[in-house]
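For the sequence shown, counting from 1, position 88 maps to 88 in UniProt numbering; every step adds exactly one.
Just to be clear, a hint being listed does not mean it is correct.
[What the hints assert, rightly or not] Per label pair, the in silico range of CB-to-CB distance:
#1 11 with 130: 22 to 32 Å
#2 65 with 26: 12 to 22 Å
#3 84 with 40: 35 to 45 Å
[As the list claims (entries may be wrong)] With a straight-line cut-off of 25 Å between C-alpha atoms, the simulated DSS-like cross-links for lysine-lysine are:
#4 95 with 49
#5 72 with 95
#6 130 with 110
#7 110 with 72
#8 30 with 95
#9 110 with 66
#10 95 with 130
Simulated from the structure, these hints should not be mistaken for lab results.
Don't be surprised by glycine CBs; every beta carbon is placed ideally from N, CA and C.
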Amino acid sequence: MEYMRKLAFPWTTATFNNVIEAFADACDAKNMEHTFNQMRAEGMKPDTKTFCCLINGFGNAGLFHKVVGMVKLAERLGVPMDTTFHNAVLAACVKAEDLMEMERVFRHMKQMQCVPDATTYSILVGAYRKEGMTDKIYVLQQENPTLVPTDLVHV
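Turn these sequences into a full structure, and let the hints steer you where they fit.
Printed below as a string of structure tokens:
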């Protein structure tokens, strides 16, 4: 980052998001969080993408308590919690092996009129399949047959 600053490279929310995402992909929670704090200190407003990257990064690092903190902060800052945001939280719940929380987030998502997409159902089906919970997959298939193919129910 300092190299880019020496070149007078303009830092935008998108630039910070890319750096945060790179640290998230590398499971480097410390530098990811440092970059996020630096972003806020410089007056940049985090957006949905910022929080998705942070949630994915903390989920990858096994720091679920940090995921919860990021969700609360996003709510406080009024960041739009769209389908992509909820999918990041759902995936973090799966990584934490917390299916009850995953189901709570899914219900909350629907209550907030946030439409689940193919990724949402893929996350849920994958979690249920791993646990051998075909009855739950069947319920999802009944709820949305176009996004949960019948062949997934009988695995």
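Quick rundown of the hints versus the structure:
1. 11 with 130: 22 to 32 Å: violated (40 Å)
2. 65 with 26: 12 to 22 Å: holds (20 Å)
3. 84 with 40: 35 to 45 Å: Violated, since residue 84 and residue 40 (Cβ atoms, about 21 Å apart) do not stay within the stated range.
4. 95 with 49: Holds, at about 20 Å.
5. 72 with 95: holds (19 Å)
6. 130 with 110: Status holds; Cα separation ~24 Å.
7. 110 with 72: holds (18 Å)
8. 30 with 95: holds (19 Å)
9. 110 with 66: It holds: about 23 Å lies between the C-alpha atoms, which stays within 25 Å.
10. 95 with 130: holds (12 Å)
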